[in-house]
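K.L.:
Chains as they are written, first to last, in full-length UniProt numbering: chain C, 1 to 584; chain S, 1 to 288.
Check the hints yourself; a few may be wrong.
In silico EDC-like pairs for lysine to aspartate or glutamate, Cα to Cα no more than 20 Å straight-line [claimed, not checked]:
| id | chain 1 | residue 1 | chain 2 | residue 2 |
| --- | --- | --- | --- | --- |
| 1 | C | K153 | S | D282 |
| 2 | C | K351 | S | D282 |
| 3 | C | K387 | C | D424 |
| 4 | S | K236 | C | D504 |
| 5 | C | K573 | C | D468 |
| 6 | S | K236 | C | E442 |
| 7 | S | K14 | C | D424 |
| 8 | S | K14 | C | D504 |
Here's a subset of chain C near chain S, in silico, CB distances under 8 Å, partners left out [unchecked claim]:
| id | residue |
| --- | --- |
| 9 | G16 |
| 10 | A125 |
| 11 | I126 |
| 12 | G233 |
| 13 | I235 |
| 14 | Q244 |
| 15 | S250 |
| 16 | A426 |
In case anyone wonders, no lab produced these hints; they're calculated from the structure. For clarity, every value in this text was computed on a predicted model and none was experimentally measured. Even glycine gets a Cβ: it sits at the ideal position worked out from N, Cα and C.
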Amino acid sequence: MPSDLNWAIGGEAGDGIDSTGKIFAQALSRAGRHVFTSKDFASRIRGGYTAYKIRTSTEKVQSVVDRLDLLVALTQRTIDENLDELHEESVIIYDGERSWEAEIPDEITGVSVPLKSLAEDAGGAIMANTVALGAACEIASFPIENLDESLEKRFGDKGSKIVENNKDAARLGRDHVRENYGEFDYELETTDNDYVLLNGDEAIGMGAIAAGCRFYAGYPITPATDVMHYLIGRIEQYGGHVIQAEDELSAINMALGAARAGARSMTATSGPGIDLMAETFGLAATSETPLVICDVMRSGPSTGMPTKQEQGDLNMTLYGGHGEVPRFVVAPTTISECFHKTVEAFNLAEKYQLPVYLVSDLALAVTEETFDPMEFDMDEVEVERGKVVDDETVDEWLDEEGRFRAHADTEDGISPRSLPGTADGAHMSTGLEHDELGRRTESTDMRVKQVDKRQRKVETARERETFDYREFGDPAAETLVISWGSNEGALVEALDILENEGIDVRVLSVPYIFPRPDLTEEVEAAEDVIVVECNKTGQFADLIEHDVLTRVQRINKYTGVRFKADELAEEIKGALAADTEVTA
Amino acid sequence: MSSDVRFTDFKSDKQPTWCPGCGDFGTMNGMMKALANTGNDPDNTFVVAGIGCSGKIGTYMHSYALHGVHGRALPVGTGVKIANPDLEVMVAGGDGDGYSIGAGHFVHAVRRNVDMTYVVMDNRIYGLTKGQASPTSREDFETSTTPDGSKQPPVNPLALALASGASFIAQSFSSDALRHAEIVQKAVEHDGFGFVNVFSPCVTFNDVDTYDYFRDSLVDVADDDDYDPTDREQAKDAITDADKEYMGVLYQDENSVPYNERHGVEANKADIPDGAPEGAMDLVREFY
Ligand SMILES: Cc1ncc(C[n+]2csc(CCOP(=O)(O)OP(=O)(O)O)c2C)c(N)n1
Ligand code: SF4
Numbered sequence: 001m002p003s004d005l006n007w008a009i010g011g012e013a014g015d016g017i018d019s020t021g022k023i024f025a026q027a028l029s030r031a032g033r034h035v036f037t038s039k040d041f042a043s044r045i046r047g048g049y050t051a052y053k054i055r056t057s058t059e060k061v062q063s064v065v066d067r068l069d070l071l072v073a074l075t076q077r078t079i080d081e082n083l084d085e086l087h088e089e090s091v092i093i094y095d096g097e098r099s100w101e102a103e104i105p106d107e108i109t110g111v112s113v114p115l116k117s118l119a120e121d122a123g124g125a126i127m128a129n130t131v132a133l134g135a136a137c138e139i140a141s142f143p144i145e146n147l148d149e150s151l152e153k154r155f156g157d158k159g160s161k162i163v164e165n166n167k168d169a170a171r172l173g174r175d176h177v178r179e180n181y182g183e184f185d186y187e188l189e190t191t192d193n194d195y196v197l198l199n200g201d202e203a204i205g206m207g208a209i210a211a212g213c214r215f216y217a218g219y220p221i222t223p224a225t226d227v228m229h230y231l232i233g234r235i236e237q238y239g240g241h242v243i244q245a246e247d248e249l250s251a252i253n254m255a256l257g258a259a260r261a262g263a264r265s266m267t268a269t270s271g272p273g274i275d276l277m278a279e280t281f282g283l284a285a286t287s288e289t290p291l292v293i294c295d296v297m298r299s300g301p302s303t304g305m306p307t308k309q310e311q312g313d314l315n316m317t318l319y320g321g322h323g324e325v326p327r328f329v330v331a332p333t334t335i336s337e338c339f340h341k342t343v344e345a346f347n348l349a350e351k352y353q354l355p356v357y358l359v360s361d362l363a364l365a366v367t368e369e370t371f372d373p374m375e376f377d378m379d380e381v382e383v384e385r386g387k388v389v390d391d392e393t394v395d396e397w398l399d400e401e402g403r404f405r406a407h408a409d410t411e412d413g414i415s416p417r418s419l420p421g422t423a424d425g426a427h428m429s430t431g432l433e434h435d436e437l438g439r440r441t442e443s444t445d446m447r448v449k450q451v452d453k454r455q456r457k458v459e460t461a462r463e464r465e466t467f468d469y470r471e472f473g474d475p476a477a478e479t480l481v482i483s484w485g486s487n488e489g490a491l492v493e494a495l496d497i498l499e500n501e502g503i504d505v506r507v508l509s510v511p512y513i514f515p516r517p518d519l520t521e522e523v524e525a526a527e528d529v530i531v532v533e534c535n536k537t538g539q540f541a542d543l544i545e546h547d548v549l550t551r552v553q554r555i556n557k558y559t560g561v562r563f564k565a566d567e568l569a570e571e572i573k574g575a576l577a578a579d580t581e582v583t584a
Numbered sequence: 001m002s003s004d005v006r007f008t009d010f011k012s013d014k015q016p017t018w019c020p021g022c023g024d025f026g027t028m029n030g031m032m033k034a035l036a037n038t039g040n041d042p043d044n045t046f047v048v049a050g051i052g053c054s055g056k057i058g059t060y061m062h063s064y065a066l067h068g069v070h071g072r073a074l075p076v077g078t079g080v081k082i083a084n085p086d087l088e089v090m091v092a093g094g095d096g097d098g099y100s101i102g103a104g105h106f107v108h109a110v111r112r113n114v115d116m117t118y119v120v121m122d123n124r125i126y127g128l129t130k131g132q133a134s135p136t137s138r139e140d141f142e143t144s145t146t147p148d149g150s151k152q153p154p155v156n157p158l159a160l161a162l163a164s165g166a167s168f169i170a171q172s173f174s175s176d177a178l179r180h181a182e183i184v185q186k187a188v189e190h191d192g193f194g195f196v197n198v199f200s201p202c203v204t205f206n207d208v209d210t211y212d213y214f215r216d217s218l219v220d221v222a223d224d225d226d227y228d229p230t231d232r233e234q235a236k237d238a239i240t241d242a243d244k245e246y247m248g249v250l251y252q253d254e255n256s257v258p259y260n261e262r263h264g265v266e267a268n269k270a271d272i273p274d275g276a277p278e279g280a281m282d283l284v285r286e287f288y
């Protein structure tokens with residue numbers, strides 16, 4: 001009896017797909033099951049196909065697969081869109097009484113549940129989706145009581161009556177299946193495990209609060225908006241503030257102002273917003289302002305495909321902006337890393353007094369995954385503010401006329417920082433080239449000194465920090481797969497598939513784009529090197545080739561859909577076969 | 001804050017590179033006087049400057065300061081003030097900086113009503129880029145980019161501010177030193193966004209809006225006993241009067257509630273603990 005299940009609910013945007021999916025995902029997670037969710041959505045608010053998919057297992061799941069076992073179809077299009085993933089044992093729940101006549105493919109079991117009329121019996125047609133959840137519980141042999149707490153969480157603010165009605169609705173759905181259909185071949189067992197379920201944007205927001213972020217300015221854009229949604233209403237409880245700016249130019253400048261006032265400060269946006277922020281990014285670098293700028297990538301260029309996955313902004317974050325400025329580019333590889341790398345981004349920004357790009361992507365942002373809560377152990381969080389002077393230490397940094405040397409040329413490239421309010425620490429900062437006091441200069445000597453000083457911070461960071469990678473698979477394998485960003489989960493699962501077929505692979509998942517680990521040894525030790533990323537040109541592969549001076553193979557996907565584990569396993573096999581053909 | 005602060009304490013030792021006679025000298029002196037008169041000192045003052053001759057002001061003043069990018073000084077000031085409400089925040093820029101590239105931010109800064117002072121050195125021309133038309137340049141004014149005279153009517157920044165819900169609108173003239181300092185001081189003292197458009201003549205590129213012109217034509221509302229700046233209708237009439245230009249405090253909302261008070265952000269946000277804040281594990285538990 002399989003205990004793994006790939007479940008989905010699909011319909012039109014506005015049908016409550018997301019919240020229904022979330023209720024089920026939470027119920028599974030609370031029942032001690034691992035969950036991985038994904039969303040298919042179009043860039044419109046009402047109408048248009050949208051789906052929420054859940055993979056659940058008692059083992060860790062961290063990828064999408066090409067398989068759908070149980071589908072709640074609110075529209076015919078839901079069935080049509082998912083035909084490829086349905087198989088002989090798939091079950092489709094649909095409302096046989098509704099106006100559309102479901103065309104259920106042959107050999108697939110259709111379970112007709114009068115969703116709407118049962119919901120009306122329970123107190124209102126609006127609960128049709130809850131009826132479907134009850135039906136799904138019965139088919140999957142998942143105790144319906146597990147749904148109750150999720151329903152309370154979702155509808156609690158609306159009053160106990162609504163919660164009770166929903167519980168009834170779920171039970172009517174369950175009973176209908178029980179009375180009209182036989183047993184199904186699933187059994188979703190529950191465990192005592194304790195999991196939390198969250199997505200990448202939430203993890204970034206949580207990381208920001210943990211790191212002591214006190215100011216967030218943003219402008220809504222998919223898929224970064226959820227960072228702002230998360231922070232609003234929460235950050236205030238920890239002494240912070242969120243402001244919705246009039247545009248991205250304003251957002252980054254507000255964040256910069258707050259950072260200069262001494263607050264840990266962040267803005268988050270997606271590609272088009274990053275373009276608009278480029279000018280002020282340069283100002284942050286030159287004025288040596290610690291700032292975290294989060295880019296949750298989506299398909300570009302221009303407005304591209306706003307609701308689709310891509311990793312196309314790497315070059316923008318690495319090279320974007322005029323002139324040459326030091327920066328750090330940190331890219332979390334999993335949802336839990338979204339939390340940890342956000343904390344690290346704040347520390348790096350303050351220790352080295354420069355802007356840090358925190359690069360995430362849509363796949364991380366909109367998928368949820370279960371974790372042991374101790375993956376987010378708040379006791380482990382360290383806040384390092386770098387070289388901040390106070391009223392006592394400020395004296396060391398004054399020149400003979402008593403002026404604060406905010407851009408002092410130091411050996412490690414890091415200058416002292418005085419926060420406003422510090423006596424004798426007053427100074428000015430500017431985007432113009434400046435001297436040690438922060439005042440404009442066109443002196444050739446000083447220009448060279450300041451450019452070198454800013455650059456030296458990167459070298460210092462290379463010495464003091466570890467910019468490493470995460471490793472999976474067989475360390476001695478001849479095949480090396482390198483990846484960045486959200487591809488890690490699918491790759492890790494692809495490893496298992498490949499291993500079962502006797503193919504050993506070593507996977508390096510790199511969360512640091514700049515500075516990044518030197519992979520020369522790893523690449524040279526391998527027979528085949530493949531770089532996996534969601535873009536057309538292979539921006540990360542270019543970096544590896546440049547660093548290691550060798551050609552690598554590339555697996556690129558730019559359909560707008562993230563990699564799936566089984567698909568990646570096939571691609572890797574294909575790449576290896578192609579390579580043997582050439583060398584044979 | 002020390003009581004013995006003099007306005008020269010706000011002066012940096014950098015000599016201004018403004019053209020001799022530029023109106024910006026007087027504008028800056030008035031700003032420094034206003035800061036000193038209101039009991040501020042350089043350590044609790046943050047000056048944000050835009051780009052242009054006007055924007056150089058942050059260099060010549062001594063305080064915590066940021067000289068930013070063109071047109072974006074107001075958002076920077078907003079961030080500074082919200083992050084540390086103990087600071088006195090003064091934002092300065094030019095007419096091109098504030099009403100052209102930064103016009104969007106101007107409207108939103110006005111409506112947000114963050115407690116800071118915005119001083120615009122309005123010389124009705126682009127100075128630093130050497131004499132192009134600005135958004136406040138008069139119609140038919142000849143400049144290097146409008147050789148046949150500007151065919152675009154000017155914006156009225158005061159009307160823009162009023163329409164955006166400003167709580168304090170003033171206009172002053174840089175060479176009328178005492179009056180100018182007094183007007184800026186009122187803006188500093190105002191609880192909310194204190195907006196002062198200062199006529200600050202460019203002696204190099206604008207031979208129309210000169211010292212003489214302003215001296216002869218400006219009407220000070222303080223000289224009119226019947227002028228009541230809290231009367232929005234009267235302010236509207238003065239601000240939209242096509243035949244006259246006024247100076248003084250043209251409008252002040254006595255019931256102004258600044259952003260920080262409305263949003264409860266009155267604490268300095270720079271103090272943060274060495275680790276995650278207390279109770280941060282609650283954030284994780286929410287995801288059960
Ligand atoms: C993005 C950008 N565009 C253009 C410029 C060039 N620029 C510098 S100052 C200026 C005009 C400033 O005019 P104004 O604000 O009236 O100031 P003034 O020099 O007259 O005091 C321009 C267009 C720039 N620095 N940045
Ligand atoms: S160009 Fe005009 S605005 Fe600029 S410094 Fe000279 S007089 Fe002043």
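K.L.:
Look at each hint and say if it fits the structure.
P.N.:
Now the hints, each set against the structure:
{"no.": "1", "hint": "C:K153 / S:D282", "verdict": "16 Å, holds"}
{"no.": "2", "hint": "C:K351 / S:D282", "verdict": "28 Å, violated"}
{"no.": "3", "hint": "C:K387 / C:D424", "verdict": "16 Å, holds"}
{"no.": "4", "hint": "S:K236 / C:D504", "verdict": "78 Å, violated"}
{"no.": "5", "hint": "C:K573 / C:D468", "verdict": "27 Å, violated"}
{"no.": "6", "hint": "S:K236 / C:E442", "verdict": "46 Å, violated"}
{"no.": "7", "hint": "S:K14 / C:D424", "verdict": "17 Å, holds"}
{"no.": "8", "hint": "S:K14 / C:D504", "verdict": "67 Å, violated"}
{"no.": "9", "hint": "G16", "verdict": "21 Å, violated"}
{"no.": "10", "hint": "A125", "verdict": "30 Å, violated"}
{"no.": "11", "hint": "I126", "verdict": "26 Å, violated"}
{"no.": "12", "hint": "G233", "verdict": "11 Å, violated"}
{"no.": "13", "hint": "I235", "verdict": "10 Å, violated"}
{"no.": "14", "hint": "Q244", "verdict": "10 Å, violated"}
{"no.": "15", "hint": "S250", "verdict": "4 Å, holds"}
{"no.": "16", "hint": "A426", "verdict": "4 Å, holds"}
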